[in-house]
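Asks: Chains as they are written, first to last, in the numbering used here: chain E, 1 to 91; chain W, 1 to 116; chain X, 1 to 505.
You may find that some hints are simply not true.
Below, a list of computed lysine to aspartate or glutamate pairs in the DMTMM-like style, where the Cα atoms sit at most 25 Å apart [stated by the list, open to error]:
| # | chain 1 | residue 1 | chain 2 | residue 2 |
| --- | --- | --- | --- | --- |
| 1 | X | K304 | E | D71 |
| 2 | X | K463 | X | D307 |
| 3 | X | K121 | X | E165 |
| 4 | W | K100 | X | D117 |
| 5 | X | K121 | X | E33 |
| 6 | W | K31 | E | D71 |
Derived DEER-like restraints, expressed as beta-carbon distance ranges [stated by the list, open to error]:
| # | chain 1 | residue 1 | chain 2 | residue 2 | range |
| --- | --- | --- | --- | --- | --- |
| 7 | X | L470 | W | V83 | 38 to 46 Å |
| 8 | X | V78 | W | V48 | 17 to 25 Å |
| 9 | W | V48 | X | G335 | 34 to 42 Å |
It should be emphasised that the hints constitute simulated quantities derived from the structure, not laboratory data.
Keep in mind the model is a prediction, meaning the values are calculated, not measured.
Quick reminder that beta carbons are idealized off the backbone N, C-alpha and C, glycines included.
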Amino acid sequence: MALVAYLFYQMGESSYKKTRLKGDPFISGNRPSKDPRDIHVGGDNLYWGFTHALRKYLDPLVEGHTGIVNDYVYWFVVTLAFVLVFLYLLI
Amino acid sequence: MNWFNFFPLIMVVTLVIMGLYVVLFKKNLIKMIMGIAIIQNGANLFLVSLAYREGYVAPIWTSAPATDMVLPTPHALTLTSIVIGVATTALMLSFVIMLKKHYGSINSDDARRCRE
Amino acid sequence: MNVDLLLQSPVFILGIPLLFAFLTPLADKVSKELRNAVFIIGLLLTALFVSLMAYEVYTIGSWTYVFGAEDPTAITDVSFFRITFLADGFAVLATLTIIITAVGVGIYSFGNMKDFDDLGKFYTLFLLTLAGVMGMVLTSDLFNLFVWFEVTSIASCGLIAYHNERGESVEAALKYMIISVIAGLLLLFSIGFFYGEYGVLNYFLIRDSMDGAFIDILAIGLVMVILSMKASSVPMHMWAPDAYSEAPDSITPFIAITSLGSLFVLFRLIFFVFRGAVEPSSIGNLLIILGVLSMFVGVSMALKQSDVKRLIAYLSVSQIGYMMMAVGVGFATLGTADYGAFGVNAVEGGFFHMINDGVYKALLFLSVGGIIYAADTRDLNRLGGLAHSMPFTTFFFIIGGLSIAGIPPLSGFSSKLLIYKSVYLYNPVLAIIALVVSIVTLALIGKIFFNAFLGPDQKIGMKIPRSMILSMGVLTVIIVIFSLFPNYVVSEIIAPAIEALGVAV
Numbered sequence: 001m002a003l004v005a006y007l008f009y010q011m012g013e014s015s016y017k018k019t020r021l022k023g024d025p026f027i028s029g030n031r032p033s034k035d036p037r038d039i040h041v042g043g044d045n046l047y048w049g050f051t052h053a054l055r056k057y058l059d060p061l062v063e064g065h066t067g068i069v070n071d072y073v074y075w076f077v078v079t080l081a082f083v084l085v086f087l088y089l090l091i
Numbered sequence: 001m002n003w004f005n006f007f008p009l010i011m012v013v014t015l016v017i018m019g020l021y022v023v024l025f026k027k028n029l030i031k032m033i034m035g036i037a038i039i040q041n042g043a044n045l046f047l048v049s050l051a052y053r054e055g056y057v058a059p060i061w062t063s064a065p066a067t068d069m070v071l072p073t074p075h076a077l078t079l080t081s082i083v084i085g086v087a088t089t090a091l092m093l094s095f096v097i098m099l100k101k102h103y104g105s106i107n108s109d110d111a112r113r114c115r116e
Numbered sequence: 001m002n003v004d005l006l007l008q009s010p011v012f013i014l015g016i017p018l019l020f021a022f023l024t025p026l027a028d029k030v031s032k033e034l035r036n037a038v039f040i041i042g043l044l045l046t047a048l049f050v051s052l053m054a055y056e057v058y059t060i061g062s063w064t065y066v067f068g069a070e071d072p073t074a075i076t077d078v079s080f081f082r083i084t085f086l087a088d089g090f091a092v093l094a095t096l097t098i099i100i101t102a103v104g105v106g107i108y109s110f111g112n113m114k115d116f117d118d119l120g121k122f123y124t125l126f127l128l129t130l131a132g133v134m135g136m137v138l139t140s141d142l143f144n145l146f147v148w149f150e151v152t153s154i155a156s157c158g159l160i161a162y163h164n165e166r167g168e169s170v171e172a173a174l175k176y177m178i179i180s181v182i183a184g185l186l187l188l189f190s191i192g193f194f195y196g197e198y199g200v201l202n203y204f205l206i207r208d209s210m211d212g213a214f215i216d217i218l219a220i221g222l223v224m225v226i227l228s229m230k231a232s233s234v235p236m237h238m239w240a241p242d243a244y245s246e247a248p249d250s251i252t253p254f255i256a257i258t259s260l261g262s263l264f265v266l267f268r269l270i271f272f273v274f275r276g277a278v279e280p281s282s283i284g285n286l287l288i289i290l291g292v293l294s295m296f297v298g299v300s301m302a303l304k305q306s307d308v309k310r311l312i313a314y315l316s317v318s319q320i321g322y323m324m325m326a327v328g329v330g331f332a333t334l335g336t337a338d339y340g341a342f343g344v345n346a347v348e349g350g351f352f353h354m355i356n357d358g359v360y361k362a363l364l365f366l367s368v369g370g371i372i373y374a375a376d377t378r379d380l381n382r383l384g385g386l387a388h389s390m391p392f393t394t395f396f397f398i399i400g401g402l403s404i405a406g407i408p409p410l411s412g413f414s415s416k417l418l419i420y421k422s423v424y425l426y427n428p429v430l431a432i433i434a435l436v437v438s439i440v441t442l443a444l445i446g447k448i449f450f451n452a453f454l455g456p457d458q459k460i461g462m463k464i465p466r467s468m469i470l471s472m473g474v475l476t477v478i479i480v481i482f483s484l485f486p487n488y489v490v491s492e493i494i495a496p497a498i499e500a501l502g503v504a505v
């Protein structure tokens, strides 16, 4: 069995043509660059379609995280008010 | 019981609302820290006014009159709170000094490089 | 071994970090090696006393330690007017979670921080934070809780701003400081409400005298919001990504542990103190709302991040949501037949997830710290190909990442399965949300893995110190142990904790 597999492998191996592009990464048909940093798809490009499809939901959420410390306190006070009203109504 | 008994509590509510207003709506970081100090004073006043009992004496055993004494827990709590308040205020102010050196501003709108 | 010493262990858990916190700067004057030795001895002694306390609790049962009494373990009329510590199953669960991460982070700091000077103060703040969190989970007195709360805030803000040559670190620390000081002051108000109404501050006495009046609701609401803020629950989570991403790499899991510590305090308070005075469904539903919001918003915000530490910070916010939701379901069913049917399993799942979360989150943050140490960047757009040069870190990241995503053989799966099963019986929608969040978490772990480790070798990696590898290895071994024996962990650690809260079936 292993022998048969090896024979098949040898058949393919002998007909392998060593051209320049074979085995290189394929990025949209462009000639791949030599810098490894350009070959690696990563960072914000990964899941771009997913986040782009959800942008109506995600963008307001990101806008909400303003990074201003007054807003942090604001959310704290708002949650406090919500929790107190919630508990008062239910107990 | 007359309305005068509630005077400290009214003051507490006033102080807390003033402090929260400053922290929420003033963009100057030093002013925000001052607002926190106002809330802190409100909290201390609240604890001290809770501890007051009419006709009771301070819990010092040396030559004390033979009447009831107040429980010293709230006073201890207030003292602790004042000490902690000094520490936190100093730490926050030193952070603001460093922030001023790095960002050149003490406005909270400018101190938002960490966001999203 | 002297039995008295074992019963005194709660004091040593606090006293040793406090003592060694101020010994390290002194030792620093002599030499760096001595300072490191003093620090690690303090950490390991604390771990020793945590295990002694665990041994004692599991063999002879829980006890109350009264400070300043002639016999610290005897309960008299005045005991509860003193400061008391409660050593029971729940305290053991909390201290174990904290100390595992603390030891891991401590060993890691040796390698990670070795290029910085002035480390004496760094270790001082580290041990002070450790003492603060330990005090928060061990104490059974509201006054004492406030003190440890503030100690934790101040020391951990000092740690966050440790790299004060960077403006962002100072900014994150200032933001966290402002919000936690306001929270501390409101905690003081809620303590005042309790004192004003009942004249006592001890958990036992408050529990016995609470009657659910309006003031009680005010105080309970304040305490819940404050502790959920500390636990970085949405919508009060915004300090967490700032602080987690700007803190030194080795400290980030430790800041996360202070969050878990306050969550432990929250659960202790609602189960142990507030349970009799309130309608269970109200607090339970509140926890469920906060938990679902945390899970969902946390993972959504993580989708948009390109800073690797911020991404994991948002994932950790979403993990906090799991625990709040699970324990909320348990609390909401309290006192009904449903509690015996599935509520107790929800609480078990939540507590098990807390101890798991402490370990795997530490492993994730530390392996990411390894990436940052090697590649000198946190930007996912610039990382890549690190698996070629860092095989160990890659392996540790995979273990931590699969555990946070809840992939079957690992410990995160066991606790998440308990949560899914029990929450599904309460409300199927909650279980579906939890599953979706879990899937997105897996996708995000895949994103970090693909970005940072896969791809062609960019030759940006440099060797990371051995102590960093060692600490990640220790945490991995603990995750593997939890993964292999989840039944044992639930029956030996989680069940006594639930029993200690008085809600065992």
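Asks: Hint check: K31 of chain W vs D71 of chain E, CA-CA at most 25 Å. Holds or violated?
Replies: Within the cut-off at roughly 15 Å; holds.
Asks: With respect to the beta-carbon atoms only, verify the hint that L470 of chain X and V83 of chain W lie 38 to 46 Å apart.
Replies: For V83 of chain W against L470 of chain X, whose Cβ atoms are near 40 Å apart, the range 38 to 46 Å holds.
Asks: Is K304 of chain X close enough to D71 of chain E, meaning Cα to Cα at most 25 Å?
Replies: holds (20 Å)
Asks: Between K463 of chain X and D307 of chain X, does the CA-CA distance stay at or below 25 Å?
Replies: Status holds; Cα separation ~22 Å.
Asks: With 17 to 25 Å as the target window, see if V78 of chain X and V48 of chain W comply at their CB atoms.
Replies: 24 Å Cβ-Cβ, so the 17 to 25 Å window holds.
Asks: With a cut-off of 25 Å on the C-alpha distance, tell me whether K121 of chain X and E33 of chain X pass.
Replies: holds (15 Å)
Asks: K100 of chain W and D117 of chain X: Cα distance at most 25 Å?
Replies: This hinted pair holds, its Cα atoms lying about 24 Å apart.
Asks: Are K121 of chain X and E165 of chain X close enough, with their CA atoms no more than 25 Å apart?
Replies: Holds - the C-alpha atoms of E165 of chain X and K121 of chain X are around 16 Å apart, at most 25 Å.
Asks: Holds or violated: the 34 to 42 Å window for the beta-carbon distance between V48 of chain W and G335 of chain X?
Replies: holds (39 Å)
Checked against the numbered hints above, the structure breaks none of them.
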